[in-house]
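Residue numbers (numbering that gives the first Met the number 0), protein chains in the order written: chain A, 0 to 594; chain B, 0 to 594.
Keep in mind that the hints are not guaranteed to be accurate.
[Unchecked claim] With a straight-line Cα cutoff of 27 angstroms, these simulated DSS-like cross-link-like pairs (lysine-lysine) come out:
{"no.": "1", "chain 1": "B", "residue 1": "Lys-574", "chain 2": "A", "residue 2": "Lys-593"}
{"no.": "2", "chain 1": "B", "residue 1": "Lys-574", "chain 2": "A", "residue 2": "Lys-581"}
{"no.": "3", "chain 1": "A", "residue 1": "Lys-574", "chain 2": "B", "residue 2": "Lys-593"}
{"no.": "4", "chain 1": "A", "residue 1": "Lys-233", "chain 2": "A", "residue 2": "Lys-12"}
Just so you know, these hints were derived from the structure itself, not from any lab.
There are 2 protein chains.
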Amino acid sequence: MPLAQARHERLGKAVALAVFASDPLSSVAYATEEILLVLILAGHMALSYSLPIAVGISVLLVIVVTSYRQTVQTYQQGGGAYLVSKDNLGVIPALAAAAALLTDYVLTVSVSTAAGIAALTSAVPALRPYSVLLCVAAIVAIALANLRGVRESGRIFAVPTYFFVASILGMVGWGVISAVFGRLPAQPYEAHRPGLEGVGLFLFLRAYAAGCTALTGVEAVSDGVPVLKPPEGKNAATVLTWLGAISVVMFLGITYLAFDFGVVPGPDETVVSKIARRVFGDSPFYYTVQIATLLILVLAANTSFADFPRLSSILARDRYVPRQFANQGDRLVFSNGILILSGFAIVLVVGFRGDTHALLPLYAIGVFISFTLSQSGMVRRWLRLREKGWQWRVWINGIGAVATGIVMLTLAGTKFLEGAWIVIVVIPLLVLIFMVMHRHYEEVAAELSLEGFEPPPPFRHTVLVLIGDVHRGVVRAVQYARSLGGPDVAVRGVFVETDPARTARVEERWGKWGLGVPLVVLTSPYRSLLRPLIDYLDQIQSRGDDMMVTIVVPEFLPRHWWQHILHNQTALLIKGALLFRKNTVVADVPYVLKK
Amino acid sequence: MPLAQARHERLGKAVALAVFASDPLSSVAYATEEILLVLILAGHMALSYSLPIAVGISVLLVIVVTSYRQTVQTYQQGGGAYLVSKDNLGVIPALAAAAALLTDYVLTVSVSTAAGIAALTSAVPALRPYSVLLCVAAIVAIALANLRGVRESGRIFAVPTYFFVASILGMVGWGVISAVFGRLPAQPYEAHRPGLEGVGLFLFLRAYAAGCTALTGVEAVSDGVPVLKPPEGKNAATVLTWLGAISVVMFLGITYLAFDFGVVPGPDETVVSKIARRVFGDSPFYYTVQIATLLILVLAANTSFADFPRLSSILARDRYVPRQFANQGDRLVFSNGILILSGFAIVLVVGFRGDTHALLPLYAIGVFISFTLSQSGMVRRWLRLREKGWQWRVWINGIGAVATGIVMLTLAGTKFLEGAWIVIVVIPLLVLIFMVMHRHYEEVAAELSLEGFEPPPPFRHTVLVLIGDVHRGVVRAVQYARSLGGPDVAVRGVFVETDPARTARVEERWGKWGLGVPLVVLTSPYRSLLRPLIDYLDQIQSRGDDMMVTIVVPEFLPRHWWQHILHNQTALLIKGALLFRKNTVVADVPYVLKK
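One chain only, chain A, in its complex shape (with noise of 0.2 angstroms):
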């Protein structure tokens, strides 16, 4: 976002909730589901178990929120997990952090697009057979629209948003209600699998494990501060509360009529789709619902678009990164970015065929990584600056850090063989490789301090002009080289000559027009035009470490597109040869030509 426009364009909290909804709330569109999924291994008799799960997966969310409160009113400057964990633990833990949030921001990606083309398909099953298609599809054009620059505007956020907030609510309320009153015909459970496991507390891990994406985007609120309006960080708290308000509302509903109405989750429609169907039958109310779903997923997806290239840029500017990601400002710089990120999704939702279940292990691991680092960050930080209040402050965010930490661990346990296993070997692969980088960085830095640096005596400087015959860009090129000439720099007309029946040709007329520059012929007897201006460098350049040659080689701007394929490839290929080359300088003079 520009920094002009981001100054101006504070948020207000409705709009800045609509701003960081997509991606907490959009969560509420698979979490029920991955629950009932692993309950349903013991049959649908477990299935009731899903209740208590997601009250204890609540009262979760309300710690995190809880503890994320006190973040965001520390830390008004902006405090995803990698600053918050870089201001208070040291590198190593930030760099997790770091890996972590990139590996989320590609897993929102694709496990977004996934369950909202999913949504899609349980309404349209005829698409079925293409979903992978159509989730490539999705990140595709959500990629092409933000290289073509769309910007997120607060305005546009919150009409997708509050239209799935008021869905889903209505689809909760309207079902109670009809549940309560007992104006939906019982349906018997549907054909499912017999149940091959016992109920028992790994079982009872693993389902709480799973609803636990409903915790996903929660960090999102805590790296917006700054775009608030003032008092940012209380106006962030409040936000918080909200998010964590209605995430919990839609949830627990949500849970409760799957269970009320003895939803069995299948490869083929989503629990949400399932529920809505009894609810609204197949009324618009039905495909509304699954519109507003696929629209918050797609924002979802969205909001990793914004955060990526942000987060890479201050990797950058620590030198963890490549540095090119540091200016955002440049679009090629930010395409960069937008293409990694798109990438790697499509690769994700390809390798796991467009599946939510399957992506998901990989997803929530990451998450919890961050919480658990983001929240001891703040313990240490109480623990360490003794602010008012650090006594409670520190409880507050240490019952966050050890319960997260706590999930962590067990999505690490339980998921590890579906797929958790991936991020747990590619975060510390991460961690190492912006190390590596920062080494190269801080050595080449340490060779390039200025600390006790004589500078060298001026070079000794050839410029060479590279002809292939005599033309008006060629006189250009000469009188270029001939600008550049100071006192000490000789300049020389370079001909290599590849077909000796033109030489004396080309003598006259640099004789000529050659501004009085003398010119070198240079022999060729296997036709090559590098070999010998190589063997001339090396000559040059052998009389010691201060000879600088620039070579000026003449260049077209011509009219069309299509006719650059036909000049400038001398150009290219000397360019190509001597890119890694000491010393050596080639400037190429446009002459622009008008046909």
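Using the hints provided, position chain B relative to the given structure of chain A.
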């Protein structure tokens, strides 16, 4: 081929025969089969017509060879169809010949590879499902060998060529003896579809046209006259005669045996393989014939990898294709030709699923277009120059031109729907492209002409050193910029302020290390690096058409290749953005990093 080598390594007749023979002789591997594949449409009774057709084709071969004997004696500097047509018929026929030859070179690669792999899969049926893959692999292998610089050496060529000639002549000789002395048991005709077409003139013409693929490759000798030992023309004529004689014997022999053995052509095994199996059983001799066939066909494909770049370079010197094809001596230039050739050949092989029979209708038409044009050119030449003996010489080339012209039309007519239409579309298209490129080059040459040109007044030159920080690399770039400073050159440092917090420090360090050069700080409200720079350039250059700006960018040469992605991205960004900008030169000053 390096010129030096070319001058020294002239070929004797026996070696020259081997060098030029792979392409023309290898075509006997599929010519008979093509005749039979047409005749079988009228049932197996029609197969016996293959004998008179083969005799007719041999007569044509004798006519073409006789006609070409005159070409090679007249054009001792090399008389490919393009040169002969250009010399005698004018630009458009010459370009048509060039287009026909270039498509032929591509098709030689596709057809020869497909036929070679067919020889292989005939011997090893288990490989048949992978034939397309094998074709692609073979083309890639030949291309890689040529990219790595395998040079044609007569001695290497001689071995497989004479091995092939010996194998085929051995098979034919032994087969004829066995057949005459009745040592082979009679076999019934293989199962085949019933004949659906009547035996008529059209079938005859189609079979004749199909068999004319036996003539492909004769052109090669006329291209290569200069590499023979003197007297080049006479030696080339002798080589041609031998080539024709061997071709006729092998072709008639194979066709006779196919008739005598009642071979029915089919998709699973080549006709030559069937004959060899009848003659030799499953003995090593059978495998020898197949291996020899595979080798000579690979060699035939390989000849295109020398011919294609050579013709391209001639066309480039005449300004009909992009100039970069002209410098054959540079590896990169040579590589482009190889990549284009093998790329198209792979597309064809994959598109026609590696089926020689499907590819051949495309092949022969181009060959006969170049024959007809070349012979017509010779006729025109005799009529024009009226050299000694022109009266009877005009007859020889005239008969050649008419005969090949009739075959060309027959091919176009009978094979049109089978694929010849592709070539009939592609050749005029290529001619058009050649002419458009030529016109562009001519226009540019006129625009660049120094006729009546007054050199404009010298530039006003501004040199900007673009910096993001101040370090040793920057000091080096400033030294470079100052060395450019003639009396009229303004040198300035430019710093784009993407993070205002750093400006004061950069200014202070510049004051110390900037070697007295003034520093311009550009503000960047949107954090873009490029936008402020381009605005600044616009501002400088708006002062007049003669405002030349050189932007000096410090660039790093790191020690390891992977470190490149960590550096120089800014330089790349700037070069990309200013690539097509008038009066603007970007000069990277390299700084060698030790770490």
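- Take a quick look at whether Lys-574 (chain A) and Lys-593 (chain B) sit within 27 angstroms of each other, Cα to Cα. Measuring from Cα to Cα gives roughly 23 angstroms; hence the hint holds.
- Message: Hint check: Lys-574 (chain B) vs Lys-593 (chain A), CA-CA at most 27 angstroms. Holds or violated?
- Response: 23 angstroms, holds
- Task: Measure nothing beyond the straight line between the CA atoms of Lys-233 (chain A) and Lys-12 (chain A); if it is 27 angstroms or shorter, mark the hint as holding.
- Result: Roughly 10 angstroms separates the two Cα atoms, so the pair holds.
- Task: Sort out whether Lys-581 (chain A) lies within 27 angstroms of Lys-574 (chain B), counting only the CA atoms.
- Result: 19 angstroms, holds
Checked against the numbered hints listed earlier, the structure breaks none of them; every hint is satisfied.
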